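**Q** These protein sequences, in sequence, are chains W, P and Y. Each residue of the first sequence is one higher than the one before, counting from -16 in this note's numbering. Each residue of the second sequence is one higher than the one before, counting from -16 in this note's numbering. Each residue of the third sequence is one higher than the one before, counting from -16 in this note's numbering.
These are calculated hints, taken from the structure and not from any lab test. The structure presented is a predicted model; accordingly, all values stated were derived computationally and were not measured. Heads up, the beta-carbon is just placed ideally off N, CA and C, and yes, glycines get one too. Careful, some of the hints might be misleading.
Across the chosen pairs, the derived CB separations fall in these ranges [what the hints assert, rightly or not]:
#, chain 1, residue 1, chain 2, residue 2, range
1, P, Glu138, Y, Lys303, 45 to 51 Å
2, W, His264, Y, Lys302, 47 to 53 Å
3, W, Ala79, Y, Glu284, 37 to 43 Å
4, W, Met75, P, Pro297, 29 to 35 Å
5, W, Val306, Y, Ala78, 56 to 62 Å
6, P, Val306, Y, Glu284, 34 to 40 Å
7, W, Arg41, Y, Arg81, 26 to 32 Å
8, P, Gln87, Y, Pro90, 57 to 63 Å
9, W, Ser282, P, Val306, 54 to 60 Å
10, Y, Pro177, W, Ser282, 50 to 56 Å
11, W, Val306, Y, Asp53, 47 to 53 Å
12, W, Val306, P, Gly287, 17 to 23 Å
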Amino acid sequence: MTEVLTWSLAELASAFHLDVRGEPSVRVSGLHTLQSAGPEHLSFLANRKYLEQLEKTRAAAVIVHPSALDRYQGPALVTDQPYLAYARISRMIEAARRPIVEAQIHPQAVVDATALLEEGVQIGPMAVVGAYAVLRRGVVVGAGAVIGDRVVLGEQSHIFARAVIYPDCILGCRVRVHAGAVIGSDGFGFAPGPDGWERIAQLGRVVIGDDCDIGANTTIDRGALGDTVLGRGVIVDNQVQIAHNVSIGDGTAIAACVGISGSTQIGQRCVLAGGVGLVGHIHIADHVQLTGMTMVTKSIEQPGSYSSGSICEPTAQWKKTAVRVKQLERLVERVARLERRIQTDHLS
Amino acid sequence: MTEVLTWSLAELASAFHLDVRGEPSVRVSGLHTLQSAGPEHLSFLANRKYLEQLEKTRAAAVIVHPSALDRYQGPALVTDQPYLAYARISRMIEAARRPIVEAQIHPQAVVDATALLEEGVQIGPMAVVGAYAVLRRGVVVGAGAVIGDRVVLGEQSHIFARAVIYPDCILGCRVRVHAGAVIGSDGFGFAPGPDGWERIAQLGRVVIGDDCDIGANTTIDRGALGDTVLGRGVIVDNQVQIAHNVSIGDGTAIAACVGISGSTQIGQRCVLAGGVGLVGHIHIADHVQLTGMTMVTKSIEQPGSYSSGSICEPTAQWKKTAVRVKQLERLVERVARLERRIQTDHLS
Amino acid sequence: MTEVLTWSLAELASAFHLDVRGEPSVRVSGLHTLQSAGPEHLSFLANRKYLEQLEKTRAAAVIVHPSALDRYQGPALVTDQPYLAYARISRMIEAARRPIVEAQIHPQAVVDATALLEEGVQIGPMAVVGAYAVLRRGVVVGAGAVIGDRVVLGEQSHIFARAVIYPDCILGCRVRVHAGAVIGSDGFGFAPGPDGWERIAQLGRVVIGDDCDIGANTTIDRGALGDTVLGRGVIVDNQVQIAHNVSIGDGTAIAACVGISGSTQIGQRCVLAGGVGLVGHIHIADHVQLTGMTMVTKSIEQPGSYSSGSICEPTAQWKKTAVRVKQLERLVERVARLERRIQTDHLS
């Protein structure tokens, strides 16, 4: 249980194409922040605002940009992209810590006899795999997850505990779906009928490209007709809602608690910060950034950063401000009247 | 797996009380949008802004309003309510595609010996049904769903995979609860005590009327005393939070990511768009519409549409606007001073 | 099923250190609001705005503050803290109603052979407990819950149906985690790489103090490095998102639909109302209150109440207001011009 894994700087430099500054035989045992690292740990500097912490760190070694070397005398792994090197080493450490599990179907999982399981598939206890589902090489299905009929999971995809994939959805390779996420639930489609709402069957699917990451308790609805589509390398945080027939371009990042209404199209390499809301049937261009809690009611056709919302104030002041905002129309009229008056006075 | 189901226009017209224009023997095999339909598909026009697409569609036939017939020469199913006809035909197609499953209790479900299961009940693998639960005719419980002790599920209700119904909750007939939804969790009730928060037991239930639809990962808390109540035909999208002792009137529609605080009462046939938030202990009249992300801090006693929030702008501009909003009180004072000055000048 | 539990006022007074006014042998059978209580029920008055209801209540007895006794003639349990007495009696009633279940591991649960289960642990059907997990005395794991490898659950903790605790997380004593909550999912950490986002392994844990309460479908991400930490007695409602490396001080209350971005630190005894959003890497002082849907983009270093957002109006008016807000910069310029004019006129 308590074996400590260590790596030498030489090993890390070779594996991740980094340069060593100092003694290559120095060994490190884990990743920590500059502040929290102990004398056996590796750390990194990815943002120059922490340069002061670099000078004081107790870390055994640090991943740094060449430009920071003059501020730090200790052993270092040097690279133009220290943050990326940190990301890659973090994944290596994660993989090393993970117990080696024999690929297997847990005896208390329920896998339909018609499902196709390729080599190396691993299915956890209490998981359910439906009829004609296809699980490609190396797929991992966590405890209690539910994989619907005819679902396709691409190679090396990982469905975590208790996620649900509804029937007919298609996931690419290396897609990760975190616990509690629901992919392919019914879109919110109802027609007004004589006795109330009449449900519109949601006949489409969810189709997710390679290398997407879907956060915990996020929901992605299936299309009404056509599909809901996520491109390649889309990353989605927790508690996000993606409605039916939305499409999201390659490489777009969506932070937690975002809600995207039906049929909205989002371009490539956008960044939606937490709590953003978009109405339906609009189009967001490539390379758009939306700051936290922005409300988007119209299409955005130009790349760039957009925002809405009001700034937090002490509640007593805010109450006054909020009333003033409601009275703005009146204020504008008062100013217009003054302008007319002044104009008249001048003319007279 | 790939059998194609088709229907003739004559069959559809007869089943759904529609008129045929053109050849009644034309066969269609599925529903698609005007743009995506191929020559074997049925499509529909429900909004005149797509009239141009109607003229260009490749669909085999189209559901249309009589007023659109002059814009389209092909075979048609004609009705005053094309959207409703589309909804009904979509459900027929969904039902036709669904595999016929023998009503059964999966051998790897756990059903308490005291639970009452009426005819035609179907229980998926890994589902759990508690003591004294009552599942009326035709109820479907999905894989991994958990039905608490003494829960009552009305006829034809469908609890999807991994939804949880806490003990004592009552659901009407034909209620659909999507994956991951939680009905009857504890309301957020705590009293300040000498050593911190003391929990208030939530002794009420959730009671849901007939024909309600509850979205994926939505949460509805049980009442503290009394019950949390949804009327008949209430439709609720994904990721919605309904707090303890809320009541919601018949036919109200609640889009995704809405949060409703405790004891708030919402009338009949309201529409709450996505991301709306309501404080607790207020009353919303019948026929109120709230646009997306509206914050409601007071009761609304008149029907109509209400909104709040600010419009999305480029971030650089928004930063200026947001500061100006905070300074509004000062601006109002400046205008008042000008008015006094002008007044004085005039008088002098 | 229908046995009615009753208590005499004398019993309740003795158990909860209350005074009796009137006949101590009066028996009550449950808790109800002043309005809904019948002649066999106990009720309470915790807010003087309901004094009128006190005068009309049909309850058998009422928990009241001494100052309310002149408005009510019936039997009473008298205390300086009626709301706290209500909380405690509610928990007693809840406990009395709960069936006595023999501590047991359900035969259809999967518990790893290396997990340590102390005395009185109860594990529901379809639950999964991972390797080297430690479940202290009296822990309850609900149906379908998933407890990861090496997780520690403190004494008397209660994990409800279908919650998921990822590996390595540590929960204190008497922690309650409601259905569908996910503790320890990956933080949203990615570095931009040459071919798109590269995942940063999340190597930290979630550590939750004693007496915390976590709502249904809430998500708490594990730290990237270091841990995500909740102090003692933190109460968290449903649908809340707590990102990686957040820390939350003792006794803070977080209502539904709140989103807290990464590395943000929240002080002790704060109250965050529903729908609040906080950006990452900021600090909130102790004793801060945030009203519903407030957007916090900067640290708050002074205790007190803070707000943002605009007030709900009829949509037609709101549209005008929202445009006026966007034009505020221009209005400020107009006022400045007027001021200069007036100034000039005066000087001339």
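**Q** The structure should be examined with respect to each hint, and the outcome stated for every one.
**A** Here's how the hints hold up against the structure:
{"no.": "1", "hint": "P:Glu138 x Y:Lys303: 45 to 51 Å", "result": "holds (50 Å)"}
{"no.": "2", "hint": "W:His264 x Y:Lys302: 47 to 53 Å", "result": "violated (19 Å)"}
{"no.": "3", "hint": "W:Ala79 x Y:Glu284: 37 to 43 Å", "result": "holds (41 Å)"}
{"no.": "4", "hint": "W:Met75 x P:Pro297: 29 to 35 Å", "result": "violated (41 Å)"}
{"no.": "5", "hint": "W:Val306 x Y:Ala78: 56 to 62 Å", "result": "violated (48 Å)"}
{"no.": "6", "hint": "P:Val306 x Y:Glu284: 34 to 40 Å", "result": "violated (20 Å)"}
{"no.": "7", "hint": "W:Arg41 x Y:Arg81: 26 to 32 Å", "result": "violated (51 Å)"}
{"no.": "8", "hint": "P:Gln87 x Y:Pro90: 57 to 63 Å", "result": "violated (21 Å)"}
{"no.": "9", "hint": "W:Ser282 x P:Val306: 54 to 60 Å", "result": "violated (27 Å)"}
{"no.": "10", "hint": "Y:Pro177 x W:Ser282: 50 to 56 Å", "result": "violated (31 Å)"}
{"no.": "11", "hint": "W:Val306 x Y:Asp53: 47 to 53 Å", "result": "violated (39 Å)"}
{"no.": "12", "hint": "W:Val306 x P:Gly287: 17 to 23 Å", "result": "holds (21 Å)"}
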